[in-house]
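Read off the chains here:
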Amino acid sequence: MAGKLDLDPRVVRKARRLAARAGQPVVDLARSHTTVSVERAVLRLAGVRGADPDGIPWVNRLVDAVVADVGLEHGVSLPVFDALRDYGDITVLAQKAAAGAVRFRVPSSSHAARRTAVKFARVGLARVDRRRAERDRLIKRWGDPSQRPWIYLIVATGDIHEDIPQAQAAARAGADVIAVIRSTGQSLLDYVPEGATREGFAGTYATQENFRLMRAALDETSKELGRYVRLTNYASGLCMPEMAVMAGLERLDMMLNDSMYGILFRDINPIRTFVDQRFSRQVHARAGIIINTGEDNYLTTADPVEAAHTVTVSQLLNEFFAHEAGLADPQLGIGHAFEINPDVPESFRLELAHALLARELFPDAPLKWMPPTKHMTGDVFRGNLLDGFFNLAGAMTGQSILLVGMMTEAVVTPWLSDRDIALQNVRYVLGAAGNLHEDFVPARGGFIQRRAHQVLGEAIDLLDRIADDTLLNAIADGTFGIMRRPADRGKGLDGVAAHAGDYFNPVTELLEAS
Amino acid sequence: MAGKLDLDPRVVRKARRLAARAGQPVVDLARSHTTVSVERAVLRLAGVRGADPDGIPWVNRLVDAVVADVGLEHGVSLPVFDALRDYGDITVLAQKAAAGAVRFRVPSSSHAARRTAVKFARVGLARVDRRRAERDRLIKRWGDPSQRPWIYLIVATGDIHEDIPQAQAAARAGADVIAVIRSTGQSLLDYVPEGATREGFAGTYATQENFRLMRAALDETSKELGRYVRLTNYASGLCMPEMAVMAGLERLDMMLNDSMYGILFRDINPIRTFVDQRFSRQVHARAGIIINTGEDNYLTTADPVEAAHTVTVSQLLNEFFAHEAGLADPQLGIGHAFEINPDVPESFRLELAHALLARELFPDAPLKWMPPTKHMTGDVFRGNLLDGFFNLAGAMTGQSILLVGMMTEAVVTPWLSDRDIALQNVRYVLGAAGNLHEDFVPARGGFIQRRAHQVLGEAIDLLDRIADDTLLNAIADGTFGIMRRPADRGKGLDGVAAHAGDYFNPVTELLEAS
Amino acid sequence: MTIVRPYGDTTGDGMVQLSFTLPIPYDKRAEGAALQLAAKMGMDPAMLVHSRQMGDGFTFFVVYGRVRHLVDTEQVQVVERDFPLLSAKEVNAAIKRGLRRRLSVVGACIGTDAHTVGIDAILNLKGIAGEKGLESYREMAVLNMGSQVSVPELVEAAREARADAVLVSQVVTQRDAHLHNTRALSAAFREALPAGRRPLLIAGGPRFDELMAGELGVDRIFGRGTTPREVASYLVHAVVEGTR
Amino acid sequence: MTIVRPYGDTTGDGMVQLSFTLPIPYDKRAEGAALQLAAKMGMDPAMLVHSRQMGDGFTFFVVYGRVRHLVDTEQVQVVERDFPLLSAKEVNAAIKRGLRRRLSVVGACIGTDAHTVGIDAILNLKGIAGEKGLESYREMAVLNMGSQVSVPELVEAAREARADAVLVSQVVTQRDAHLHNTRALSAAFREALPAGRRPLLIAGGPRFDELMAGELGVDRIFGRGTTPREVASYLVHAVVEGTR
Ligand code: B12
Ligand code: B12
Ligand SMILES: Cc1ncc(COP(=O)(O)O)c(C=O)c1O
Ligand SMILES: Cc1ncc(COP(=O)(O)O)c(C=O)c1O
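Protein chains in written order, with the numbering used here: chain W, 35 to 548; chain P, 35 to 548; chain X, 930 to 1173; chain H, 930 to 1173.
A portion of the hints provided could be inaccurate.
[To be verified] Derived lysine to any residue pairs resembling SDA-like cross-links, with alpha carbons at most 20 angstroms apart:
| # | chain 1 | residue 1 | chain 2 | residue 2 |
| --- | --- | --- | --- | --- |
| 1 | P | 408 | X | 1044 |
| 2 | X | 1055 | P | 340 |
| 3 | X | 957 | H | 1140 |
| 4 | H | 957 | X | 1073 |
| 5 | P | 525 | X | 933 |
| 6 | X | 969 | H | 1004 |
| 7 | H | 1061 | W | 141 |
| 8 | P | 408 | X | 933 |
[Stated by the list, open to error] Among chain H residues calculated to face chain X with C-beta under 7 angstroms, some are:
| # | residue |
| --- | --- |
| 9 | 945 |
| 10 | 950 |
| 11 | 954 |
| 12 | 958 |
| 13 | 1012 |
| 14 | 1015 |
| 15 | 1119 |
For the record, the hints were derived by calculation from the structure and aren't laboratory data. No residue lacks a Cβ here, since even glycine has one placed at the ideal position from N, Cα and C.
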């Protein structure tokens, strides 16, 4: 695939260098701060389970209690594992703490607490490791999809018990990856709901139990089909780190996880997001999970032609942050989308140029290719046509993961029949023209090459400016998705703290040691 | 466009040589026979108009009377123009003849009759010439479509007065060419109905008055749009030569006119067809009309992959016959179609190979590209998608005339909204990907080149066999469209006669002199 | 289960999609008119999700919404196959045993219809969907007259061939051509031959309503996706076993 | 003309297209069930042109056919624009003249809805379809609170800003989220403020039924394709001219 655009390797190296320069201050920030959700994630890994009768998880109650007593800046691990000596069971400790029966302190001699914390964290990570090994085993047994791109389908009934049969039906009809969309409100909840749920709006709550139920159902179907069907959810929103842990514990295979989506589209505080982000990616790295970044979203608010280079910039940043957090290239489901107004002249060739640029910039990443949404209308006949051209662009540019577009995009969350029509569309395009990339050779110096070079050039200019002026300022200025998000605003800021000198986090320590 | 397939010019020349060898005996046959319809066509050019109270045209009554008296083998011109001396007006003569009041003879000294006949024929051809000049003038004034391919739409209500507003609406919505489909029964009528008609089945009767009405309506719309909108009908069936004359007289711009369609799909006698064919093409040549050949039809009865080479053979034969009849390359709307089962692996690339082969074999012909019909089903969503890929293949291979496919192909003759959806489809594809051919470079020795070479090779083998065994035998054997049509069977054979030594046809004489 | 509703993405949601054109230009009132039609069709609530004016005086609409109607699967009327599906061998054996002569079949596209692919699929050797056509049955004598056969020609041929069954295909349906032609067929046979000597009349084509056989005066109608074996089995049932 | 019918290709033909899924596996009976539904919707004749089983227990159908229903365009109910469409200049002048202070507007996506593109199109400078948003009107003071704003927050902000009008957007409609949220909004404002001091309540989004304003307790609903000028003109009409 590589080489169709004649990209100059020196220019590409320069782009990466600039991305690193722009990203490093944010990494430094992330390394020197913690958040309530990072701490809760640690406790989840350490084995705290369940929720109080109001549905508030014990991890939340426990972290709140610790913070109330000693603040967040030391991390909760030392206070908690120090206190654990007197309780034995960590969930029991959480319950007592919630009842106000525990007083936490930062132990002055922290050796014992550290040792216990590391032991618990090790046990948690060992569970994650086992699930990863299990995934490898099952893929070996049942096999990977026979074709690229993998076919990625969304399920979104709001009810896990309706989702399961729909997901199974979709897998039987050809889906390689199932994503269960979350309920609209969840990303702003500062806790993770518990148990099996049936009442989401336009999506189903992400809970550990729902993860487990769906993974088990898909294992059944994978076995039946002789093909390992992957499961995706979202490590996004205020509980991003905890979602990452839950995904690792329940053998999810991919997670939507973007460095800026929460900032831009959920108005979550930038610092909160970057801190949560780094931790969640470290966990994903360990769990062997493929992340999906969210550059597609920018193109729903910004113009996909004008703002094409912001996608490239964001991809390079996402890559830098991912590498820094320990993710390997095959785990980088870098996102981009087919969102150009179909009335724009040469729109399809522009899409090809953009998609090919991503392909050639990230040759080893399993790129995720997102379908048209913004310019889908209630004209479902036209919608199915546009989705066909999206599928074709994906095949012609060697995309890795194809999120299947629905003709009813502008109307409803997908119906059963929409999914079937969409899969027929994909099957036709891949079967009839899946190898057309062999005959697709953009002319040297022609429209497609010129456009790709232009976008890369604009991306480098922008990265240059960001590197000088800081990424946080760029975000505040509306650089991405034309959303302005200052670093001192947004949700969840009160759950962030700079590390004290004695900050301790056994999970980070283990993850960074490995 | 040329050169993408690396065709060897020597091989192409060989194919043409073989086509000439296979076609020549049929030309000889056509030159030495006449038919009732050829004779009626001469009389129409000479000015016979109107029909008897039962709707049987006076040309039919006149030819029948002549044939009854002296047979067909001399042609009707000498007997008619001999008798005309006594009547003056040729339509009056026809009416008298119908009433049994005229006795025809073959004049022994035919000088005077010949001169009159030639004079009348000249007047008729002068009218055709004037319509051609008028077309040239109007195209100059209003302009040609701004894009290739031209967009060709079908109208088929059965009622000329419903057809007209639908055709005008289609032209306003972007159609460059309007074809009025004929009623199902018409091709087997051995006369042309008269007047404006409202009662066709799945098509509207082709009458001179309907031609006139529609051309006038489209002139109005052309003026309004500042773009000359072309009109198409059928020179096909038992009255093919007369249709050609009517088209010339009423300034139609294109005519469906295939050398074998009537034989294969209407079970019309092969000799009748070839004789009618040659005459009608000579008239088209004079009238500056673009013919559309019908190779698309073979693929509805035969398998489009297995029988691909029969399309190529037929195209080469159609070209040979057309050149022989005096048509120039820009008048050869050679037909082919996107009919491969969409479930066949690589079907789209096969279509590209076939379409490109036609394009490169006939670089100067305005190729007519026909949409999927056989594998269209009641699944209209999928249908619109398939039509989109058809449009794309047309754009990628530089087709000249695009017959727009309808999502309801398998359901109904097109609805107003079907046409609108189909035109939106075309507009999207041409706007978004109309220039994709620049980036479409089949790999040397790759799938597409190999397939095109294979089809051409099979075509040459088949032409070789036909040249040895005769085209008439090939047709009898079911070579084309797997329809077996022996030369001594089929409709209309009784209207054919071998020329007597004194056969005379003033129109042929003038056309062959020019 | 006997009562069901349309299904969008949740059991019982009743969701359907509808599209149509109204002969009025686009404006708010036209949208209201479209919703009125949807309401009359039983959609409630109906969402108008797309409207597009075409030319001067027409607007195309797409509507999504819930219908109130229930579907009772027990009330469904269909022409169920009321005869056993036989193998070619069984068909031949039954004819040999039952008739002691070959079963004579005459087929054609009548009227101005020239769509022979369907009837050829039933009659010709080649067949369809992996099944060979009736010509391949040793115990059948098949005459396929091709397309655009007039009814009188067909009656004549049937008489000559002493046809046990006459099979006609009708694909063009515009202005109900298929119904007119089929009625003309049955009337002609009724007129030409006494009841006892009349061949079985079978019509086929993709847009027929199989329930209309009686109304059209034929013995049986076969629709979309018919295979030769079904027809052969029916012939045994109706001609050989005389159960028509 | 007041009575019209759907139009396929001939005036009065009544033709429509319909598609839906039934929760039953494919067989002849399922086809009959699909036709039963089409008949209940008033299609006669109905042609079943496509059926496809999905998974074990569902079948998708496409039906074409004629509906008997007539559409009476005079009976159509729509929310017609009952106020003049003003230019930005006229809007500013009318506010200046009528209120003698800036007109205060507070906008938000309420509930868990985070689709801000629609409300931004109305409020932000950038606007939509070539029209600038309300922020560009000199005589308006606009506070756009963004997405996922809770109703109590919004009430508080409206009180503080002495809002003349509160504009909320609702794009997610699954399980009628937009209706619930809008009802919650109007209830909260009714509770928090006496009738005289209550701001004008305006809801907007692509899937609202504009006729439901009364039922939902808001003053006006704007649907698909609304432009800022329409909203500004309405504000003048309802707030400045006090005609709400
Ligand atoms: C192939 C085709 C042609 C070919 C026909 C070649 C041939 N020798 O048959 C050609 C190119 C010649 C042609 C021409 C025309 N066609 Co045409 N054609 C089609 C097409 C693409 C496919 C039909 C087909 O072959 N189907 C495959 C066969 C196997 O299916 P089937 O016919 O349904 O048969 C099965 C069953 O129905 C059943 N069956 C059928 N007959 C019988 C009989 C018996 C006794 C039994 C037991 C069973 C049975 O068993 C069969 C096997 O399962 C359809 C569109 C489509 N995709 O359906 C249009 C279509 C049928 N054609 C149409 C038209 C209008 C025409 C023309 C009139 C256009 C014109 N004015 O020029 C012409 C003229 C034809 C004429 N005089 O009849 C329309 C009919 C519209 C309508 N509903 O009235 C269609 C639907 C296209 C359209 N949307 O406009 N056509
Ligand atoms: C862009 C978009 C997004 C963006 C939103 C970015 C942003 N900042 O707004 C992103 C990517 C973030 C997003 C996310 C999601 N989305 Co979204 N999204 C869309 C999309 C593609 C376009 C919407 C849009 O921007 N339209 C353009 C604007 C200008 O039009 P408009 O909103 O109709 O506004 C006009 C009028 O309605 C009116 N108007 C609107 N509001 C108001 C208010 C007032 C006061 C007035 C006067 C007028 C007015 O005026 C506007 C201008 O004309 C639609 C699909 C589609 N093509 O419609 C899906 C869609 C709306 N999304 C949907 C869903 C389900 C989601 C998610 C919940 C998915 C998930 N579970 O992850 C998430 C979460 C969002 C959440 N919490 O709400 C569904 C909703 C289904 C339903 N009917 O319930 C849709 C329909 C897609 C689908 N078929 O599934 N989405
Ligand atoms: C990276 C990312 N996270 C999350 C989401 C979904 O939103 P939320 O998790 O806020 O519901 C998306 C949108 O599809 C996304 O791209
Ligand atoms: C060359 C040619 N003639 C005629 C027709 C139409 O058939 P008829 O003129 O017999 O109605 C076709 C089919 O579209 C055709 O391709």
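Status of the hints after comparison with the structure:
| no. | hint | verdict |
| --- | --- | --- |
| 1 | P/408 with X/1044 | holds (12 angstroms) |
| 2 | X/1055 with P/340 | holds (15 angstroms) |
| 3 | X/957 with H/1140 | holds (12 angstroms) |
| 4 | H/957 with X/1073 | violated (29 angstroms) |
| 5 | P/525 with X/933 | violated (54 angstroms) |
| 6 | X/969 with H/1004 | holds (12 angstroms) |
| 7 | H/1061 with W/141 | violated (60 angstroms) |
| 8 | P/408 with X/933 | violated (34 angstroms) |
| 9 | 945 | holds (4 angstroms) |
| 10 | 950 | holds (5 angstroms) |
| 11 | 954 | violated (11 angstroms) |
| 12 | 958 | holds (5 angstroms) |
| 13 | 1012 | violated (14 angstroms) |
| 14 | 1015 | violated (19 angstroms) |
| 15 | 1119 | violated (25 angstroms) |
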